[in-house]
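Peer 1: Build out the structure end to end from the sequences listed, making use of the hints.
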Amino acid sequence: MAPTAGAQTAPACSTDARATGLAGSPVTGTLVSVARADGRIAQLQLFYDATATGGLPFVRHRGQTAPGGAYGGWQRVSAATVGPKCYAMTAIENSAGKLEPLFSTYGSFCHSVEDVGAGGWSTPDNFGLAPTPYHGGVVLFKEQDGSIDAFASGAYGGGSMELRHQQNAGAGWAPGN
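In the numbering used here, each number is its position in the sequence shown, counted from 1, plus 522.
With a straight-line cut-off of 20 Å between C-alpha atoms, the simulated EDC-like cross-links for lysine to aspartate or glutamate are:
| no. | residue 1 | residue 2 |
| --- | --- | --- |
| 1 | Lys620 | Asp560 |
| 2 | Lys607 | Asp538 |
| 3 | Lys620 | Asp647 |
| 4 | Lys620 | Asp637 |
Pair ranges (Cβ atoms, derived):
| no. | residue 1 | residue 2 | range |
| --- | --- | --- | --- |
| 5 | Gly590 | Arg540 | 35 to 41 Å |
| 6 | Thr550 | Gly694 | 32 to 38 Å |
| 7 | Thr645 | Pro606 | 18 to 24 Å |
| 8 | Thr645 | Trp596 | 15 to 21 Å |
| 9 | Lys664 | Gln565 | 17 to 23 Å |
| 10 | Ala618 | Val661 | 19 to 25 Å |
It should be emphasised that the hints constitute simulated quantities derived from the structure, not laboratory data. Using N, Cα and C, we set each Cβ at its ideal position, and we do this for glycine too.
Peer 2: As structure tokens, then:
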């Protein structure tokens, strides 16, 4: 579900494969809650891992087992690191009912998709938005028809805005109009 050709090229997602996935201390102010269509709440938060070589945090996820119910344990989304100067993270549920988190890494944004059947996540890929270095996050907006728009400040030119659009989960993300 990477952006189609025509999106700005940005660095690949930074990973720390040596980190073992320990949920150390949470990064203050990074908890993101996403209301699911079935009434459950999913939460994502950044956590440090004492085994990480670069000292950067990782995205972790947990969800309610039923609407209004208890949350499961925290699971690491991937070996992709977040930061170092911007710890922006957001997420949304797509038209297929899967979570799609976006998070900053070294001045660009990475993207992963929940793989509900396998209980894991897709390999993080470059989302194609690279805002002015280390300034700002991505804002996600769901339209009435279920399509999703992602907005971020542009990397090229002061005050510019970039847009990505997902008509539906099967179509993936593409540069917006």
